[in-house]
Amino acid sequence: MIIVSLHKTHAQICTFAGGECCGEGITNFQLNGTPAINRSSTVNENGGFTNTGITTAVVIGQAYNYSITFPLENNIVNCNTYNLKIYVDYNHNDLLTDAGEEVVSLSDVPNGTHTGSFTIPAATLTGNAYMRVMMKMAATSSSGGNCGHTAITPCNLPADPVGFHGEVENYTLNITASTGIENLEKQNGVTIYPNPFSSETILKTNVNLNNATLTVYNSFGQTVKQIKNINGQTVTLSRDNLASGMYFIRLTQDNQVIATKKLIITD
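The number in the working numbering is simply the position in the sequence shown, starting from 1, with 1 added.
Here are the in silico distance ranges between beta carbons for each label pair: (1) 212 with 96: 31 to 41 Å; (2) 205 with 241: 12 to 22 Å; (3) 68 with 175: 19 to 29 Å; (4) 101 with 149: 25 to 35 Å; (5) 39 with 233: 47 to 57 Å; (6) 35 with 95: 19 to 29 Å; (7) 199 with 45: 50 to 60 Å; (8) 232 with 53: 41 to 51 Å.
Cut-off 35 Å, straight-line C-alpha distance, at most; resulting in silico cross-link-like pairs (DSBU-like, lysine-lysine): (9) 263 with 205; (10) 226 with 205; (11) 205 with 229; (12) 226 with 263; (13) 226 with 262; (14) 262 with 229; (15) 229 with 263; (16) 205 with 262.
Keep in mind that the hints were calculated from the coordinates and are not lab data. Built from N, CA and C at the ideal position, the CB exists for glycine as well.
Given the sequences, and given the hints that come with them, work out the whole structure.
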């Protein structure tokens with residue numbers, strides 16, 4: 002059993018208690034970000050928990066392909082199916098448990114190479130986001146074995162009662178807006194003040210808006226407020242019944258995203 006504390010540049014993500022026994026582990030992980038990740042490793046690497054230190058850039062709204070390879074565990078012929086999950090801390094709150102942050106979930110799959118894709122959501126904060134790739138032995142096996150393992154959780158809590166037979170690899174996604182959005186934000190000079198705020202805040206632009214829409218999302222990516230038919234260069238956003246916390250806004254006009262921003266509401 003090993004205890005590892007994992008740190009990001011701005012906060013601690015979570016402490017993970019891990020362990021492995023029988024030759025299980027990720028031997029290759031790929032993601033077509035910029036630069037592309039193509040990391041090969043041996044099984045049992047670092048006792049089943051690795052902070053790779055690898056960062057790749059991804060763009061909001063784009064889909065990305067992943068590939069993960071893991072072998073059959075040694076000498077456990079009746080426990081030969083596995084679960085796989087990938088988590089991304091889109092809202093930067095260091096939890097990995099919020100809605101939408103489990104971006105890949107495969108259950109009861111055999112050893113070998115598994116591929117798929119996931120899309121970076123529109124209501125996502127730009128900057129570095131933690132990505133955790135996890136695989137472990139499943140509870141039951143295609144060959145009839147009852148292996149006793151619990152489901153994957155981001156920090157293996159509660160701890161698997163028969164041991165974490167699998168591996169965790171940690172990466173960083175540098176999430177950016179598309180070039181078009183970045184250029185529009187600079188061109189339109191979109192600002193919000195005050196931020197944080199407790200009752201209301203004002204969004205300003207350098208250009209005249211014409212029938213624009215301001216949408217507010219909570220940290221789960223759910224729409225909680227929307228202002229339509231915005232004209233002119235300013236719009237006042239009232240708190241109303243929104244709880245304190247972190248939110249994201251998106252300003253759109255003519256089906257084009259003009260700006261995305263983070264908001265903080267305080268009591």
